[in-house]
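> Each chain is listed here by its residues.
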Amino acid sequence: MCTAITLAWREIPRKLIRRFQLEERVIQRSETADKEILFLQRHRQPLLPVFYQGELHILPWGNRQRNSSAPLAWWCDVATLQSGAWAQYHPEPVEILANFGLERGVWFLIREGLQGVLIHDQREQPSVYLLLQPASHYYQVMTGYHREPVFLGEQI
Amino acid sequence: MGTTLIGHIDSDCFYVSCERVRSYTLRGVPCGVLGNQGACVIAKSYELKSYGVKTGHPIWEAKKLCPHAVFVKRDFRWYEVISRRLLDLLKMVSPRVEYYSIDEMFFDAGELQRYFQLPLQEATRALQTLVQDEVGVPVSIGIAPSRALAKLGSDAAKPFGVRIVDRENCEVFLRSQPVGELCGIGRRSERKLQDRNIHTCWDFHQADRLLIRDLLTIKGEALWWELRGDSVTPIQTSRPPHKAIARGGSCGGKTSDPERIRAWAVRNIERLIEALDHHRVYARHISLQIDANKTALWLGRTPLAVPSASFRTIYDAVMPMLAAAPQEHLVSHMHIIAENLVWRDRIQKSLFFEDAQSPLDQIKRNINQKLGRFAIRSAETLPLHEIYHDTTHNYDICDISGKMCF
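Just so you know, the protein sequences line up as chains A and B, in that order. The opening residue of the first sequence carries number 1 in this note's numbering; numbering runs sequentially from there. The opening residue of the second sequence carries number 1 in this note's numbering; numbering runs sequentially from there.
Read the hints as simulated data drawn from the structure, not as lab findings. A portion of the hints provided could be inaccurate.
Claimed, not checked - DSS-like mimics (lysine-lysine), calculated; alpha carbons at most 25 Å apart, straight line:
#, chain 1, residue 1, chain 2, residue 2
1, B, K158, B, K49
2, A, K35, B, K243
3, B, K54, B, K219
4, B, K49, A, K35
Please read all numbers here as calculations on a predicted model, not as lab measurements.
Chain A with its partners taken away, still in its complex shape (with noise of 0.2 Å):
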């Protein structure tokens, strides 16, 4: 269900990597490839990197907070968002910035970005969930996983 996404270091402001401390989350896969920031689902306070409002945001991913009004949830499904039943928490668009995704092991190109949405709870704090839908065919055999994210201008 994509649980990691890495953004190439270069992309990410400095000022956002030590506000957040994203300097702990570096990868490299190889002495001569770039450095990454990993941000995975099972962190601490799991964080996305999301162009909100023309600009770059580093912004918790999903909600694990039962005291938030926001839905106990790090994804959603995109029929779920077309049936209205996440009406009620006014959901916005936004990019999930990414190079690369996680999905059972096996790590894959993201060549624009990912969908997301949006939420703000009671007290004006923002969520963001990543859209999920059915898998291809390609994408199934390749994660043997039967929900892919959604993928901004491709489909794999």
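With chain A fixed as given, assemble chain B onto it according to the hints.
Chain B in isolation, oriented as in the chain A frame:
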């Protein structure tokens, strides 16, 4: 027109390099390109290769060998774009270029020094840099008096190397190359040669010509001459016409369902007509090959009354063959082959038979060219809904016109 110098340019891990042209973040990353179904690695970067991942490995094995590797969906159309960029660039540098395969080209290297105004070694390096800068893919280049030597040179120089094979260094170089490295020497031929104590390319070079001819026929003898620096096979700047065109492959799993088998046959006919249209040829014979688990099971052949690329004509030829095929085995693969091809502008129209393509065929082609492949298709392909309703499930092939081999 002969040349004294032949160059061979070979792209390093071509599919991965093409992906790196448009995705900078893949540079330096262990990367594998997956095939049509997303299950098999069809190309890998040198970084991934170092973890023991080989071409053909299934993804579940590859991810175990290198858990941080990144996998990319194949995009043959993009690889063709890059391949043609490389071809166009090479044509600027060389008077004659042979489009050998998607990632390999032979060229007349006689003008290289004059073009770059540099000695041969530096000029070859300059060409390599030019390709890297303009096309974006790393290449290895071999320069020699013959094709076989040039190819051996570029193979030995991989990755991102340059090798000039001349009279002075030829012996040392050939001694370092096992005879199996020669293009055209397969495992069986290699064994035959080893039985005669021919282990290296130098042994092959020193062997008796008639012995080589006896062991490996006239093709082996041609290689023998080429290793001695005598160019036997010239650079071919245009591809000779196809002898046959085939479309087919996997049936998406084994099946005995007659409706699905017929649907696959119709899909393959439609793909075959696309290819015949592209190459501007008609077929005089149609063959159907049905396989069970890649073991040839049945082959039928039907002559056509007149050369044709008409859906109705080919359909009428294929369906009786399909009906006559043995049905006790599960079908896994199927190929429909157009043979005995004739150029479209060289056929005599018939008074007694219908045209080689009907107006319906032409309408179908025009609409599909405008709206996309299979926008209009036969209703008999409806049982294959999983393919037509999922654009990622398209059994695409890497088919580029004009190149000499795969």
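> Measure nothing beyond the straight line between the CA atoms of K158 (chain B) and K49 (chain B); if it is 25 Å or shorter, mark the hint as holding.
It holds: about 13 Å lies between the C-alpha atoms, which stays within 25 Å.
> Straight-line Cα separation of K49 (chain B) and K35 (chain A) no greater than 25 Å?
holds (21 Å)
> Would you check the hint for K35 (chain A) and K243 (chain B), treating anything up to 25 Å between C-alpha atoms as holding?
violated (51 Å)
> With a cut-off of 25 Å on the C-alpha distance, tell me whether K54 (chain B) and K219 (chain B) pass.
violated (30 Å)
Checked against the numbered hints above, the structure violates hints 2, 3; every other hint is satisfied.
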